[in-house]
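Once you've looked at the hints, dock chain F against the given chain E.
Sequence lines, in order, name chains E and F. If you read the first sequence in the numbering used here, its first letter stands for residue 641, the second for the next number, and so on. If you read the second sequence in the numbering used here, its first letter stands for residue 575, the second for the next number, and so on.
Quick caveat, the hints were computed from the structure, so don't treat them as lab data. Nothing false has been slipped in among the hints.
Selected chain E positions facing chain F (Cβ under 8 Å, derived; list incomplete):
(1) K765
(2) R768
(3) Q864
(4) G920
Think of the CB as a built atom: it goes at the ideal place given N, C-alpha and C, for glycine as much as any other residue.
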Amino acid sequence: MIGLVSYLAFFATMASILAIATLGLNLQWGNTGLFNGGVVAFFGAGAYGTMLLGGHPETGQFGGFQLPFVIAFPGGVLFAGLIAWIVGVLTLRLRHDYLAIATFGVAVAFEAVTRNAEWLTGGAKGMRGFPRPLEAAIGDNFLYGLFFLGLVLTILVAVYVGLERLAHSPYGRVLRAIREDEVAARSLGKSPARLRLEAFIAGSMIMGIAGGLYTAFYAFVSPQDLAPILTFQVWAMLIVGGAGNNRGAVLGAFLIWAAWTLSGFALSRFAPAALQLHAGSIQYILIGLVIVGMLLWRPQGLLPERIRPTLTGKGAARTSAPGEFQGGQNP
Amino acid sequence: MKLKTASLLAATAGATLMAFSGAASAACPVKVGIAYPTSVDWGKPIAETALWVAEMVNEAGGVDGCPVETILRDTQTDPKVGVDAAKSMVDLDKVQLLIGAVSSGVTIPILTSVTAPAGVMQMSCCSSTTKLTDIAKEGTSKGLFFRTFATSNVPAAVTAMAAKDAGYKKVAILYKNDDWGQDIGKFVAAGLKAVGIEVVANVAITDNQPSYRAEVTEALGTQPDALYMALYPKEGISVAREWISLGGTTKMIGANSLKSDEFKDAVGLQYLGDFIGVDNAAPRVDSATAFKEAYKAKFGSEPNGPGLANSFDAMAIALLAYSAAGNGATGAEIAAKVAMVTDPAGEKVGGDVEGLKKAMALLKKGKPVSFQGGTGAVQFDKYGDVSAPAVIWAFGEGGIDEKRYLTLEEVNAFMATLQ
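Isolated chain E, as found in the complex:
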């Protein structure tokens, strides 16, 4: 029983961290229509930034300032924002697939830097030894797991509430206007370039929050954590959950991560012994089937975007995928 609680807490912690990253992507793609193909770069910037500021010093390596978590963590998030600002200024003039390729390139470059800049990141060996917040004070491993889950959930709820309010504020409406028709938004006196950059930085900083929590959770980070598969996972979560809907993003994160891990658990439990060796490959097939099935049956996601009626009563619930041009339907 205690094992089950301990495992579920562990699972929920990782799922919540991924949900935070998915919320960040939802702000960029779901609300603003920015195709970020380099989620892992900003996640990694948060992770490495936090580790650099809060980790132990290592011989021949910069960093390891051993700052307390309350400073190191925001520092990592700011670092993610800084990277996003530089990347955004350089690439946000690009649209859709071009932006996706450019940001994907940034992610690959970021991974290459962490692998090679040994004086800064420890190289391929990674960085370790992050003192987990309040671990010594709590002591017990099981209770600490629950405490950390509480911390992550609190941050998830805070990010969720913040983004919900943003989405329903005039600012959120402008972001959606840019997503639907940039020219129209500009003609109304809005500055799409600035707003796109702001949304990109804010979304990337939310991904940085996820990265910082991830580092704190494992007390370790290496270039292996920055493989492109993470970008894919977060995208799958957003699309399955429902792009444009924050609740959908959280739901998608929990569902996809459950499919990812529980399929392995179920196979190890129930698959015949002869198949055990192939369970890993079967697991990949199952994950792929879930995603493809979702795209076929519910392309708008489990919880599609819903636009609240405005004061004039226009703009009722709409179920199209964001980013899609709406032609003459818009009021």
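Okay, now just chain F, sitting in the frame of chain E:
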């Protein structure tokens, strides 16, 4: 806010349940967790080898008279997935022994966030990074971690020995830019300094570059007596060719990765007369040969993939230690018995059904054994690392000529002089 309430509830429930956590129970069958990347081509045979050992242990009577039930989980070489798999095996299946993983980037978070905090013993076949030694030194692993893959310090020390014997005074180092290359490059530099040789250049070689002229020129400018290369054949060939064509010395030392006909043919034997190669030797012991034969009989092919002998030994030693500690032992109790299984003074036992049976009988009586596995008589130091014998070789007309074989004892004696 619902979520928050749920977490509070969970915390309260957890605190109530705290009283019930604790010692492992003696259940039959004995569950052992394995986290290897089975969905990767080279990972599957590593996992297959581990399952084969479990089969043999069961044939030999099982752990403490109880059959072993292996739970195999795929890590996908993704740290998140590997750690989750390990956590589920530790928490839900209550394993006290976890075998895995292959990549250091997966092994370390499993160790620091799952097995060490839960007091579960972990043994890896194939993680090479020195970070694991540092973690053990720090005390984070609580003596629960072992690995059967020799770290790069043995070949590095032997490299220093060979360079000293050859009378070199100034050596330039070129290393492959990954965790293996970064490690071995650093060890070789330290080893050379320890024997009084000056390291004049230390240059990283990144894979897949069209030319290494800049790197080679940098090393050449320091006018070394000899060049050390920890490179793979592809990059090694380009580097060696540019080095020689720019007038560099033919006095070269190479790591085991250059032990290939491809390298010899592409560089040309006339330039390799002074080449010295260093390798972790496959040990000259009957047990290593026996492992090869048994593997061929079982799978119908030579054990040529990476880490197979290491995987075999990891699983066998861990299960023997489990057997010695008895069914119902905790991870720490199993880890404490590892020394008894790999005691050089103990009776020698082989890695087949007969040997395992004999070993378990002796261990039951409290007598130590010396397990002779696929990588020879493995012996762990206090950080859970192993050493291996080494060999110095050269290129000859017929292929690779072995110049000198250093037993584990000689290697250890030389390494002791370095400290």
